[in-house]
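Based on the hints, put chains U, A and L in the right spot on chain E.
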Amino acid sequence: MNALLNYVREVIGGTWSLATGMGVTMRYMFKPVTTVQYPRQRLPLPAAFRGPIELVRLEGGDHRCVACGECFRTCPSGVIKVQGHKSVAASRNQGRFYFIDFARCSLCGLCVEVCPEGALRFSRDYEQCGLSSLVGVQDLMAKLKEEHP
Amino acid sequence: MSADFCQRLGRRLGQRLGAAALGQADYRRQGYHLRLELAPDHLRELAAMMAEEGCYLEYITAVDRGGHLELAYVFGRHQEACRLLALAAVPKGQGVLSIAGVFPAADWQEREVFDMLGQRFIGHPNLKRILLPEDADFHPLLRDFQAGPELGGDEMEI
Amino acid sequence: MHRQALTEDTFYLNLGPQHPSTHGVLRLLLRLDGERIVECQPILGYSHRGHEHMAQNRTYLQFMPNPCRMDYLSGLMYNHAYCLALERACGLEVPARAEHLRVICAELNRISSHLLWFGAYLMDLGAFTPFLYAFDDREDILAILGLATGSRLTYSYCRFGGVRDDVGQDFLEGIRAFIPKMRARLKDYDTLVTRNVIFVNRTQGVGVISPELARAHALTGPCLRASGVGYDIRKAEPYGLYPELDFDIPVRAGGDCLDRYLVRVLEIEQSLRIIEQAMARLPGGPVKATGVPQFITPPPGLYHTSYETARGHLGIFLAADGTRVPYRLKFRVPSFGNLGILPKLLPGTLVADTIAILGSMDVVMPEIDR
Amino acid sequence: MAWLSNIPATVWEGLRAFLGPLALTMIVGLLLTLGWVQVNALFLVWLERKVAGHIQLRIGPKEVGPFGLLQTLVDGVKLLGKELITPAPVSWPLFVLSPILVFAPVLVSFVVIPFGPGTQIRDLNVGLMLIFAFGGLGVLAILMGGWASNNKYALLGAIRSVAQNVAYEIPLLLSAMSVVIMAGSLSFQAIVQAQEGLWYVFCQPVAALLYLVGATAETNRAPFDIPEAESELVAGFHTEYSGMRFALFFLAEYTNMFIVASVATALFFGGWRGPFWPGPWWFLLKVYLLIFVVIWVRWTFPRLRFDQLMNFAWKYMIPIAVLNLMVTAVVLKIVR
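Chains as they are written, first to last, in my numbering: chain E, 1 to 149; chain U, 1 to 158; chain A, 1 to 370; chain L, 1 to 336.
Hints listed in this document are in silico derivations from the structure and should not be mistaken for laboratory results.
Just so you know, not all the hints are guaranteed correct.
As the list claims (entries may be wrong) - The calculated lysine-lysine pairs, modelled on DSSO-like cross-linking and capped at a C-alpha distance of 30 Å, are: (1) E:K31 x A:K187; (2) U:K92 x U:K128; (3) A:K181 x L:K62; (4) L:K50 x L:K82; (5) L:K50 x A:K181; (6) U:K128 x L:K152.
Just chain E, same shape as in the assembly (with noise of 0.2 Å):
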C-alpha cells in the first residue's frame, strides 16, 4: 500500500515539476529579446576597452614616441620593433618606425603601461580580420599619418 502511495505521489510530483518547468520558458518566451543584432546594433564600447594599440596623435599629426624602446623589451610575445633617429632641430630622439604585428599580439596592453612618454593608448576597433597573417604587421606611425594627412 506504502509502496503504491509513493508511486502515484511520485508521479504526481515528477508531473507537477515537469510542469512549473514549462511554466519559467512560457514566462521567458514573453519576456524581451536580450541578444544584440550585431552587425546592425552595436553594444558601447567600455572606458578602459583594451583594444589594438595606436599612437596618441597631438597636435598637427605628431606623436610622443621618442623610441626608447621599453615597450618592445617589454612586449610578451615579442611583436613590436621600433626605430627612432635624432633630428638636428629637436633635441630629443623621435620614433620614425613603430612596426607592430597584430596577428600575434595578445591585446595585454603591457606595452601602454610602460611607456614612459604616454605615446601608446587603447584604440576603439575591435573589427580587426584579414586574409592573411602578414596583415596583423602594421606601422603605427603610418597609419597615424594615413588617418591623419
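Frame of chain E; chains U, A and L shown alone:
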C-alpha cells in the same frame, strides 16, 4: 590547532626520516609550514606516512638544478592548514620509486614530471607522456632545452 | 590499450577529441560493453601550449598575460593568484581599495565561471535553454568586468601590488543592478532545473565519490565539497580580503553529480554575499602600491601560493633564483586532479552517465594541458 | 469529392474518363501530399527555431524573407547543393536506402489523415491501424541507416532507437485503443463523428496525455531524443549522413511530428470540429497547437537517460495505459 598538528607531524617526520633535514618555513612568505629534505629512497616511506596522517598529495614537481633534479612533493591537509614541502635531489637519469600505489593522484603527477623533465618513476603503472605527443624526443622543462622555430620559439629580449 | 583484451563483447569508442561534450579537447578512450563502460582512459595534451616553459623565458611582468589563458573561465582568479604569489615572495603590501576590487572581481569571475558550467552541464544533459539563460547572466558579468578591466575574458587586471586601474561609478552601479537580477534568476533556475524530475534522476546517485576517494585523488573545489569535505582555500588559508568577510562554504555529503551541481549553485549565492559585503566597505585611496620595482625580483628560494579558483585549489610553485626571470614556475591546476579520478569513476556506468559525470567535474582542458 | 471541384471541368472529365475517379483522387492526393510535406516541414522548422529563439531570449531566424520565414527554404537549397558523402566502409545499399525508407512510410500515412469531413484521400476502415503499421517501419529504416553507417555512434543510436520504439509503441497503441473502444471504429471519419458532443480528451484525459508522451518518444523528440542525443552520440543514427540524405531524415522527423499530432487531434481533440471556420482550418490549427506544445517541451527539459526511458515506459506508461483501457472497457460495458 594548525600549529599543533604541524608540530606533531614535524616531530614524527624528524624521528623517522632524520631530524637534521627538517626545517620550519616562513609560512607567510613561502606558503608552506614544513620543509623536508630527504634521500630519494625515503620517498615511499614519506608518502605512506603522509597517507597515514590523512594528508593529500597536492602535487609533484621538479626543478632542474643542472646536474641533478630537485623533486618537490607537496602535501596538504583538509582539516587544518599544514603544508609540507619535501625535496629530494636525484641525479639525472636515476629513477626513484613511484608513490602512485599510495596516492592515486600521483599517477598523473608523476607522468607529468616524466613528460616535462624526464624523471623516471620505478613501479609506476603506466609511465608515458601525458601532455606532449607520445613521439616527442625532448623534455621541455630541462634548462638546456631550447624551443626551436619548429615549435614556435624564437629569440626574445629580456 | 591492450589489444589482447579486445573480446567480441566489447568495443572501443573514441569519445573526443572532437566531441560536443568533452569541453575542449579531451579524448576519452572508452571500452564499452554495449552502452556500459568497462574501461576509460583519458588522453590529454591536445591544447598544450607550454606555459611553464614560457615562464622560464620571460620576466615576471611579461608572464602576466599567461595565467589568464590557462583557465580562461576564471582568468581573473589566475591573474590574482599569480600576483599574490609574487607579492608574497617579495613581501609587497597591497592597498586596501585594491584588495577590495580584487575580491569583487574575482567573485564576479567565479559566478561567471559557475554560470558557464551550469549552462554547459545542462546542455550535456540535453537541455539547451538554461544554457542561454546562463549566458544572458554571464553577459552582464562580462560587461561589468569589461568596465573595470577593459577585457571580457583574459582580464589581466591585477598588477604586482595592486590593480591596473581604478573603477568608475558605472562599474559599481552595474554590480548593484546585477545582484538582485541574479538572485531572481537563481529562483528560476531552481524551478526550471534543480527541481526538475528528469534532471534529478539523471544526476542523483550518479558518479558517487566518497571522501576517502576524493582525498586519495587530490580532488579540490566543488567536487571535493560535494563529497562532504569543507575544504576551501578561502577559509583554510585565507588570502586577500577573505579573512574579514562573512561567508559560508557550501558542503554536501552525497558526492554525486547532483551534489556537485548544488554546491556550485549555492556558491553563486555565497559569492553574491561576498560581493555585497566588499562593495559595502569599499574604501577610497590608491589602487596600486608605490615603490614596486619595474623588474620584480623575488629573493632566491622556493615559494608556494594557494588560491581557490572556481574549480578548486590552484597552487603556484615558484623556484626563484634572484633574477628577474622565474627559474621554475609550476601551476598545480585543480582540474588536473579532478579529471584524474575519471578512470576510477566511469567503469560500470552508461555512456550517458559518462557525459553527466565528466560534465559535473567542471574540467577546463586548457588548464590541464597548460 | 467537393474539394476537387475547382479543377477545370474538361481536364477533370478527361482524366476521370481515363483513370477512373478513385485513381485520380490518389494521384492528385499524392501530388498535394508531396507539396504539403515540404511546406509543412519548412513551416515547422521555422516555427521550431522561432519558438526556441523566443524561449531563449533571442529572435531566431530573421534575415531571409519576412520574419525569416524563408530561412528553411534557403537551408534546404544549401543542403541540396551539398555533396552526398558516402564513407568508404559503409554498406552502401542499406546506407542509401535508409533515408528513402524512413521517408516513404511517413508519406503513406497521409492517405488517412482526416483534414475535414470528406477531405481525406481515402477513408479506410482501418485508418488508425495503417498509421501505426507504417509508423513502425520508420524504426527499421533508422536501424538500417545506423547499422550500415559503420560508425559506433550511429550504431549506438540505432540500437537505442529500436529499443525505444518497441517500448513506446505499446502505450501509444493502448491509449489509442481506449478511444477506439469508445468510438467503435478504426476509421478516422467515424472517430471524429463520434466526438459530436464532447471531445475525447475530456473523457480520456489520461489516454490523451499518454498518447502525447508516447508520440513524442515515437518521433524521437526531446526529452526522448536519445537516438540522436547530440551531447552523447554526436548525431546518433544520422552521424554519417550529409546533404539531401540528411535532409530526408530531417523532413521525415518533422512530417512525423505532423502525423502524430494529426492523429492526436483526430483521436482526442475533435478533429475538424469547431465553430465558424471550415473543418480543415480547425484541424490545422489544432495540429499546430499540439506541435507547439511538443516544441515547447523540447526546449524546456533535459534528456532522459536510456535506462530511465525504458523504465518510464515499462513501469509507468504501460501499466497506466492498461489500467486506463480496462477502466474504459468496464465503464462502457456498464453505461451502454
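Hint check results:
1. E:K31 x A:K187: Judged against 30 Å, a Cα distance of about 16 Å means the pair holds.
2. U:K92 x U:K128: holds, 18 Å
3. A:K181 x L:K62: holds, 29 Å
4. L:K50 x L:K82: Answer holds: K50 of chain L to K82 of chain L is near 25 Å, not above 30 Å.
5. L:K50 x A:K181: holds, 26 Å
6. U:K128 x L:K152: Holds, at about 28 Å.
When the structure is compared with the earlier hints, no violation turns up for any of them.
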